[in-house]
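In case you want the letters, here they are:
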Amino acid sequence: MKPPTFDYVRAESVQEAVQTLAANGDEARVLAGGQSLMAMLNMRLLHPSVIVDIGAIDALNYVRIDGDEVEIGAAMTQAELWKRPECRQHLPLLTKALPHIGHWQTRNRGTICGSLAHADPSSELPLCLAVTEGSVVLESQSGRRVIKADDFQTGMLSTAKREDEMLIAARFPKARPGIGYGFSEFARRHGDFAIVAVAAVADGSTIRVAVGGIADRPAVLRLGDTDAMDEMLNRFAWELGGTDDIHATAKLRRNLVRTLGKKTIEDALACRG
Amino acid sequence: MPRLNKDQRSLVSLTLNDEAVSGHAEPRMLLSDFLRHELGATGTHVGCEHGVCGACTVRLDGKAIRSCLTLAVQVQGRKIDTVEGLADRDGTLSPLQQAFRECFALQCGFCTPGFLMTISEFLEQYDEPSDAEIRDALSGNICRCSDYNAIVAAVKQTIRQVKSVTS
Ligand code: FES
Ligand code: FES
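From first to last, the protein sequence lines are chains Z and E. The first sequence begins at 1 in this note's numbering and counts up by one. The second sequence begins at 1001 in this note's numbering and counts up by one.
If you are wondering where the hints come from, they were derived from the structure by calculation, not from laboratory data. One should not assume that every hint holds.
For lysine to aspartate or glutamate, the following EDC-like pairs were computed, each having C-alpha atoms within a straight-line distance of at most 16 Å [said to hold, decoys possible]: (1) Z/Lys148 / Z/Glu133; (2) Z/Lys174 / Z/Asp66; (3) Z/Lys148 / Z/Glu71; (4) E/Lys1163 / E/Glu1128; (5) E/Lys1006 / Z/Asp53; (6) E/Lys1006 / Z/Glu27; (7) Z/Lys2 / E/Asp1007; (8) Z/Lys262 / Z/Asp216; (9) E/Lys1156 / E/Glu1128; (10) Z/Lys263 / Z/Glu231; (11) E/Lys1063 / Z/Asp66; (12) E/Lys1163 / E/Asp1147; (13) Z/Lys83 / E/Glu1121; (14) E/Lys1079 / E/Asp1131; (15) Z/Lys148 / Z/Asp227; (16) Z/Lys174 / Z/Asp68; (17) Z/Lys83 / E/Glu1124; (18) E/Lys1156 / E/Asp1131; (19) Z/Lys263 / Z/Asp230; (20) Z/Lys2 / E/Glu1124; (21) Z/Lys263 / Z/Glu239; (22) E/Lys1006 / E/Glu1026; (23) Z/Lys174 / Z/Glu27; (24) Z/Lys2 / E/Asp1018.
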């Protein structure tokens, strides 16, 4: 279908964007790459009165190393980040996960931060942010705040972002020697929504494994070692509470948590630098 | 920071297949509709209109994108390439188009413009792609009546041919 009508503002700076958000409350929506928002508009799932386009704010198109973190600006596309040397060098988990997101054409437009703000429970990027314990930077006219992944995504398509705020950057911890990363996904067709996606981070003494696609937001399991891995993954699979639907049965989902979970942890342990 | 009113049709000027063109669009007008209905460039097809089929793929500043997920007002001043720009002006098909024809990589042709625009960017980035890389790049284009193997074969034939011409 065609989108409903809306006013359109092309913001030239973050100040302009947050000013428009402050003036319009929940009537405004931020458009970055548009790969989720435009589809929702075309399906008439949303009826904003104004669209604030931030895709042309050059100051937000960056990736930079800041101490122990890599900060990615809100206009940086998924395809562009994947090509950056900073990604290969400092973000091995994203290097593995990015090719699973959507398709060639959607990665060319879709942004890292847009996917985080959209907060789809089966998306790869919220999963990566959760498992690495990264954070997001929110800005409004009243200031800036940094929120941890776990506090940011509150449920399916919902976050702690206020209506007058926009997500201006995401921060992922920089890879460190001795830590390994794994990522696996099961989907009906490459690029489709994940039925189950798993990301793992492992160092010598702790393993974190996160599962997306089942609960209403990424769920993280912490393990001390691999001794009781099968048992813990089995319990985790039941706790996540998957249900039967047109795409997969609850049983298949539990099986995927056990098998993909184990494989992803082993991958992470195997590639510790 | 100009605010375009929802009912206001504004002038959008862009470079379409190396030609300066312009038309009018209200904010909600999709790039796919703008190309087809305002500019008369009907080579770009519209299948699902919500980003899953790839029929509407065009190139924006060289990058393959879905024109049904982009607004016309967003391409002001930018460069768009569509399937109409692939063949020479005298109608000689591009190597990729010719390979599609020879490999029977299309039947009804509805999906073809999208495939061609995706592959044209892909081939600029990969000199010697593996089959897996080709299939991965094509995963965002759906064909409902031809044969994906024939499409992969056409991509490979194009690579061989372009290489033999340049070497
Ligand atoms: S029409 Fe754009 S992806 Fe289907
Ligand atoms: S040739 Fe008919 S849909 Fe592809």
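For each hint, the structure was consulted:
no.	hint	result
1	Z/Lys148 / Z/Glu133	holds (7 Å)
2	Z/Lys174 / Z/Asp66	holds (9 Å)
3	Z/Lys148 / Z/Glu71	holds (14 Å)
4	E/Lys1163 / E/Glu1128	holds (10 Å)
5	E/Lys1006 / Z/Asp53	holds (14 Å)
6	E/Lys1006 / Z/Glu27	holds (13 Å)
7	Z/Lys2 / E/Asp1007	holds (15 Å)
8	Z/Lys262 / Z/Asp216	violated (22 Å)
9	E/Lys1156 / E/Glu1128	holds (9 Å)
10	Z/Lys263 / Z/Glu231	holds (14 Å)
11	E/Lys1063 / Z/Asp66	violated (30 Å)
12	E/Lys1163 / E/Asp1147	violated (25 Å)
13	Z/Lys83 / E/Glu1121	holds (15 Å)
14	E/Lys1079 / E/Asp1131	violated (30 Å)
15	Z/Lys148 / Z/Asp227	violated (30 Å)
16	Z/Lys174 / Z/Asp68	holds (5 Å)
17	Z/Lys83 / E/Glu1124	holds (14 Å)
18	E/Lys1156 / E/Asp1131	holds (9 Å)
19	Z/Lys263 / Z/Asp230	holds (11 Å)
20	Z/Lys2 / E/Glu1124	violated (33 Å)
21	Z/Lys263 / Z/Glu239	violated (20 Å)
22	E/Lys1006 / E/Glu1026	holds (6 Å)
23	Z/Lys174 / Z/Glu27	violated (37 Å)
24	Z/Lys2 / E/Asp1018	violated (28 Å)
The earlier numbered hints that this structure contradicts are 8, 11, 12, 14, 15, 20, 21, 23, 24.
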